[in-house]
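Colleague: Based on the sequences and whatever the hints tell you, model everything.
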Amino acid sequence: MALRNIIGKRIGNGIGLVGRRSLSTATCDVENRNSKSMNLYSAINQALHLALETDPRAFVFGEDVSFGGVFRCTTGLADRFGKARVFNTPLCEQGIVGFGIGLAAMGNRAIAEIQFADYIYPAFDQIVNEAAKFRYRSGNQFNCGGLTIRAPYGAVGHGGHYHSQSPEAFFCHVPGIKVVIPRSPRQAKGLLLSCIRDPNPVVFFEPKWLYRLAVEEVPEHDYMLPLSEAEVIRQGSDITLVGWGAQLTIMEQACIEAEKDGISCELIDLKTLMPWDKETVEASVRKTGRVLISHEAPVTGGFGAEISASIVERCFLRLEAPVARVCGLDTPFPLVFEPFYMPSKNKVLDAIKATVDY
Amino acid sequence: MASWGRRSTAVAHHMRAFFTANKTAQIRIGTRRYPFFNPAVSSALVPRPWPSIINMTSLFLVNRFTSSVAGSQAGSRHADDDNDDNLVKKELAVKMYSDMVTLQIMDTFFYEAQRQGRISFYMTSSGEEAINISSAAALGKDDIIMPQYREHGILLWRGFSLQEFANQCFGNKDDVGKGRQMPIHYGSSKHNFITVSSPIATQLPQAAGVAYSLKMDKKDACVVAFIGDGGTSQGDFHAGLNFAAVMEAPVIFVCRNNGWAISTPISEQFRSDGVAVKGQAYGIPSIRVDGTDALAVYSAIRAARNMAVNEQRPVLVETLAYRVGHHSTSDDSTKYRSLDEIEQWKTDRDPVNRFRKWVELNGWWSEREETELRSNLMRAIQVAEGRRKPPLTELFTDVYDLPPSNLVEQEKQLRETINKYPIDFPSDVSL
Numbered sequence: 001m002a003l004r005n006i007i008g009k010r011i012g013n014g015i016g017l018v019g020r021r022s023l024s025t026a027t028c029d030v031e032n033r034n035s036k037s038m039n040l041y042s043a044i045n046q047a048l049h050l051a052l053e054t055d056p057r058a059f060v061f062g063e064d065v066s067f068g069g070v071f072r073c074t075t076g077l078a079d080r081f082g083k084a085r086v087f088n089t090p091l092c093e094q095g096i097v098g099f100g101i102g103l104a105a106m107g108n109r110a111i112a113e114i115q116f117a118d119y120i121y122p123a124f125d126q127i128v129n130e131a132a133k134f135r136y137r138s139g140n141q142f143n144c145g146g147l148t149i150r151a152p153y154g155a156v157g158h159g160g161h162y163h164s165q166s167p168e169a170f171f172c173h174v175p176g177i178k179v180v181i182p183r184s185p186r187q188a189k190g191l192l193l194s195c196i197r198d199p200n201p202v203v204f205f206e207p208k209w210l211y212r213l214a215v216e217e218v219p220e221h222d223y224m225l226p227l228s229e230a231e232v233i234r235q236g237s238d239i240t241l242v243g244w245g246a247q248l249t250i251m252e253q254a255c256i257e258a259e260k261d262g263i264s265c266e267l268i269d270l271k272t273l274m275p276w277d278k279e280t281v282e283a284s285v286r287k288t289g290r291v292l293i294s295h296e297a298p299v300t301g302g303f304g305a306e307i308s309a310s311i312v313e314r315c316f317l318r319l320e321a322p323v324a325r326v327c328g329l330d331t332p333f334p335l336v337f338e339p340f341y342m343p344s345k346n347k348v349l350d351a352i353k354a355t356v357d358y
Numbered sequence: 001m002a003s004w005g006r007r008s009t010a011v012a013h014h015m016r017a018f019f020t021a022n023k024t025a026q027i028r029i030g031t032r033r034y035p036f037f038n039p040a041v042s043s044a045l046v047p048r049p050w051p052s053i054i055n056m057t058s059l060f061l062v063n064r065f066t067s068s069v070a071g072s073q074a075g076s077r078h079a080d081d082d083n084d085d086n087l088v089k090k091e092l093a094v095k096m097y098s099d100m101v102t103l104q105i106m107d108t109f110f111y112e113a114q115r116q117g118r119i120s121f122y123m124t125s126s127g128e129e130a131i132n133i134s135s136a137a138a139l140g141k142d143d144i145i146m147p148q149y150r151e152h153g154i155l156l157w158r159g160f161s162l163q164e165f166a167n168q169c170f171g172n173k174d175d176v177g178k179g180r181q182m183p184i185h186y187g188s189s190k191h192n193f194i195t196v197s198s199p200i201a202t203q204l205p206q207a208a209g210v211a212y213s214l215k216m217d218k219k220d221a222c223v224v225a226f227i228g229d230g231g232t233s234q235g236d237f238h239a240g241l242n243f244a245a246v247m248e249a250p251v252i253f254v255c256r257n258n259g260w261a262i263s264t265p266i267s268e269q270f271r272s273d274g275v276a277v278k279g280q281a282y283g284i285p286s287i288r289v290d291g292t293d294a295l296a297v298y299s300a301i302r303a304a305r306n307m308a309v310n311e312q313r314p315v316l317v318e319t320l321a322y323r324v325g326h327h328s329t330s331d332d333s334t335k336y337r338s339l340d341e342i343e344q345w346k347t348d349r350d351p352v353n354r355f356r357k358w359v360e361l362n363g364w365w366s367e368r369e370e371t372e373l374r375s376n377l378m379r380a381i382q383v384a385e386g387r388r389k390p391p392l393t394e395l396f397t398d399v400y401d402l403p404p405s406n407l408v409e410q411e412k413q414l415r416e417t418i419n420k421y422p423i424d425f426p427s428d429v430s431l
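Heads up: the protein sequence lines correspond to chains X and U, in order.
Quick note: the first sequence uses full-length UniProt numbering, first residue 1, plus one each step.
Quick note: the second sequence uses full-length UniProt numbering, first residue 1, plus one each step.
The set of hints was computed from the structure by calculation and includes no laboratory data.
Accuracy of the hints is not assured; some may be wrong.
[What the hints assert, rightly or not] Beta-carbon label-pair distances, calculated as ranges:
1) Asn-88/X / Phe-396/U: 36 to 42 angstroms
2) Asp-55/X / Ser-375/U: 50 to 56 angstroms
3) Asn-310/U / Gly-76/X: 31 to 37 angstroms
4) Asn-310/U / Pro-199/X: 30 to 36 angstroms
[What the hints assert, rightly or not] Once the Cα atoms are required to be at most 27 angstroms apart in a straight line, the calculated DSSO-like pairs of lysine-lysine come out as:
5) Lys-95/U / Lys-346/U
6) Lys-190/U / Lys-219/U
7) Lys-412/U / Lys-95/U
8) Lys-83/X / Lys-218/U
9) Lys-83/X / Lys-219/U
10) Lys-260/X / Lys-353/X
11) Lys-190/U / Lys-95/U
12) Lys-278/X / Lys-346/U
13) Lys-357/U / Lys-346/U
Just so you know, even glycine gets a beta-carbon here, dropped at the ideal spot from N, CA and C.
Modeller: Right under this line is the structure:
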């Protein structure tokens with residue numbers, strides 16, 4: 001499957017493909033009933049429509065969601081379901097999440113939007129100390145499993161410090177919540193519906209880069225994709241690559257070029273970072289003997305470190321080379337220096353070759 | 001002595017405003033008339049500084065009852081009295097007093113148990129018994145309580161047994177919280193009392209969400225969220241009140257202004273005229289009431305509840321009291337305040353004694369009832385102490401609805417370690 005075909009031109013990257021071709025995600029087991037070509041924000045919008053349609057106790061709220069949201073993910077919801085269920089909140093992330101926890105504690109599906117993942121930190125206390133512990137600390141008398149927090153995350157080409165962050169690692173360190181990141185429109189719709197209906201609080205990061213540029217055939221019916229199941233989206237035998245979100249496009253380009261040099265790459269989309277599917281990654285590493293992890297977030301303390309440590313624990317004797325990480329630099333996300341900061345295709349390609357040639 | 005004077009003035013600051021506030025009009029609650037200050041009625045709309053309380057929306061002040069006044073009012077009978085919610089009749093008064101005494105004695109027993117090393121931690125509600133019990137009495141059982149941590153009197157009122165309190169403090173296998181949290185972190189879905197969490201004020205925005213759900217259900221119920229004077233400095237206080245106001249959520253925010261946040265007096269907490277004025281900033285009607293007067297608190301909470309439920313909007317109630325006890329068993333408050341000050345509040349303004357006078361005046365209480373309480377408590381503590389802790393598997397359950405693979409793996413590894421080094425682990429946790 002050519003992920004790159006569904007992604008438009010990436011600034012500074014040189015791969016100029018504006019893909020609007022229909023294609024099927026070969027390894028995705030969602031049947032192609034009636035599908036429609038749509039982008040990521042439309043797919044998410046569809047998921048939200050379905051979520052509110054199928055559960056009268058589902059609510060969507062956050063800053064500016066009423067008119068459709070700054071990324072149009074919530075278009076049409078307020079008109080269709082009414083102001084009581086789809087509404088703007090005051091500008092206060094700790095309030096948004098706290099309010100959502102309270103709603104969820106009463107058995108509702110609270111779908112909270114944080115306008116940019118960069119602004120999620122005021123809600124960190126509510127997420128870590130409250131949402132994640134709500135069920136455990138009450139002896140399962142109470143829970144806020146109906147809470148889903150959605151936030152656009154990741155590089156967008158011009159976002160700088162506060163519109164480009166990838167904060168997933170902070171949340172992966174919190175027992176009690178789930179962290180899910182889709183790579184494409186079809187994945188996003190199914191995963192978001194699973195997140196909303198999962199009986200645990202979930203943080204769902206949406207790669208904002210892909211909102212308009214990723215276009216794919218997305219089934220129009222209500223479907224869910226399983227959480228905590230990684231997906232091998234490209235088969236290979238020489239090296240395992242692990243990633244999530246928009247970075248997978250870059251990694252796939254690297255895989256295709258590596259193929260020309262005779263390196264067969266297996267590419268895995270983790271999809272759920274917490275709790276993550278160690279078994280699938282381990283099985284792949286046992287096959288290939290090499291692993292490379294790539295993410296936009298800064299390398300130090302990033303989630304790649306957790307994957308690396310776990311794989312080494314499980315597959316030490318099988319490994320032919322050190323675990324490679326191709327990630328963002330340990331700096332705040334820069335503006336003009338973004339192309340230097342990012343784990344680009346060539347950085348990934350070099351790391352593939354270095355690992356294979358170790 | 002001078003520093004005591006300064007400090008006690010700082011503490012009494014929150015009471016001073018109360019006594020010197022303007023009284024230019026009257027408000028009716030039921031058949032009673034109480035003085036209050038309403039700028040909508042007054043011609044002077046220019047905001048006045050402290051100590052009067054001003055509000056361009058609807059802020060009203062419940063005047064303090066004197067015990068005898070309340071007694072004669074409650075005792076007298078008029079033709080329309082039967083419809084007066086605010087009448088505290090004998091049955092209610094007896095239960096209120098009984099629970100206040102139980103709360104006091106329970107606090108003493110558990111505090112001592114901690115001192116003896118039998119439980120790890122405790123927090124008393126000394127000086128705030130009226131706030132606890134009267135609030136509970138004024139509410140319905142469907143009203144959802146979101147506590148801070150000094151509201152266990154409400155649980156007591158609602159039927160949480162002495163044994164259940166003890167079970168949580170000892171974290172034994174019968175603790176509904178499954179032994180996961182420190183003592184006093186009570187929670188009971190049966191009693192609509194959401195589990196206590198240590199972080200301050202986090203429950204306030206959550207209360208707005210819970211109340212919004214009640215609003216959607218059109219339930220004849222509200223949320224009552226508690227906070228201390230210190231907690232009003234938190235960002236979540238702002239978030240909670242603002243959200244509740246915008247969402248028009250039926251939540252009563254009750255601030256227990258007891259003058260202290262551990263060692264920090266209110267003069268070091270805020271420079272506003274107490275907490276009631278803060279509600280004004282959010283468009284929330286606010287009540288200030290003497291928290292040591294059980295009948296006044298009862299009235300105030302009843303009025304607040306009626307407003308919250310009938311008008312579907314938040315209300316802020318500031319109850320003025322004094323934290324007679326230490327912050328917790330980890331605190332020695334004599335390090336930052338004088339014994340004289342504590343004694344004065346303990347003797348002169350003990351809410352239990354005050355209410356007792358009124359109850360006895362009506363011939364509704366006698367000494368006999370108290371002795372049974374003490375032996376029940378003693379027994380509950382002994383029983384709780386003797387019970388085993390929850391089984392090991394409860395360490396791993398409820399992190400998620402079902403344990404994920406990493407936890408299954410960790411439990412397996414832990415059990416291997418326990419087998420190998422049993423003496424490293426407490427024996428009262430069943431494997």
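Colleague: CB of Asn-88/X to CB of Phe-396/U, is that within 36 to 42 angstroms?
Modeller: At roughly 40 angstroms between Cβ atoms, Phe-396/U and Asn-88/X fall inside 36 to 42 angstroms, so the hint holds.
Colleague: Against the 27 angstroms threshold, does the CA-CA distance of Lys-278/X and Lys-346/U hold or violate the hint?
Modeller: With Cα atoms ~60 angstroms apart, Lys-278/X and Lys-346/U exceed 27 angstroms; violated.
Colleague: So does Asn-310/U sit 30 to 36 angstroms from Pro-199/X, Cβ to Cβ?
Modeller: Between Asn-310/U and Pro-199/X, where Cβ atoms are some 35 angstroms apart, the hint holds.
Colleague: Given the hint that Lys-83/X pairs with Lys-219/U, does the C-alpha gap stay at or below 27 angstroms?
Modeller: Status holds; Cα separation ~19 angstroms.
Colleague: Is the straight-line distance between the alpha-carbon of Lys-95/U and that of Lys-346/U 27 angstroms or less?
Modeller: Holds, at about 22 angstroms.
Colleague: Would you check the hint for Lys-260/X and Lys-353/X, treating anything up to 27 angstroms between C-alpha atoms as holding?
Modeller: Status holds; Cα separation ~12 angstroms.
Colleague: Quick one, are Lys-83/X and Lys-218/U close enough, alpha carbons at most 27 angstroms?
Modeller: Answer holds: Lys-83/X to Lys-218/U is near 16 angstroms, not above 27 angstroms.
Colleague: Lys-412/U and Lys-95/U were given as a pair; does the straight-line alpha-carbon distance stay at or below 27 angstroms?
Modeller: The hint is violated at about 50 angstroms.
Colleague: So if I understand the rule, the pair passes when the alpha-carbon distance is 27 angstroms or less; does Lys-190/U with Lys-219/U pass?
Modeller: holds (17 angstroms)
Colleague: Please verify whether Lys-357/U and Lys-346/U have alpha carbons no more than 27 angstroms apart.
Modeller: Distance of about 16 angstroms is within 27 angstroms: holds.
Colleague: Starting from Lys-190/U, check that the Cα of Lys-95/U is at most 27 angstroms away, please.
Modeller: holds (20 angstroms)
Colleague: Take the C-beta atom of Asp-55/X and the C-beta atom of Ser-375/U, compute their distance, and say whether it sits inside 50 to 56 angstroms.
Modeller: holds (52 angstroms)
This entry does not satisfy hints 7 and 12, going by the numbered hints stated previously.
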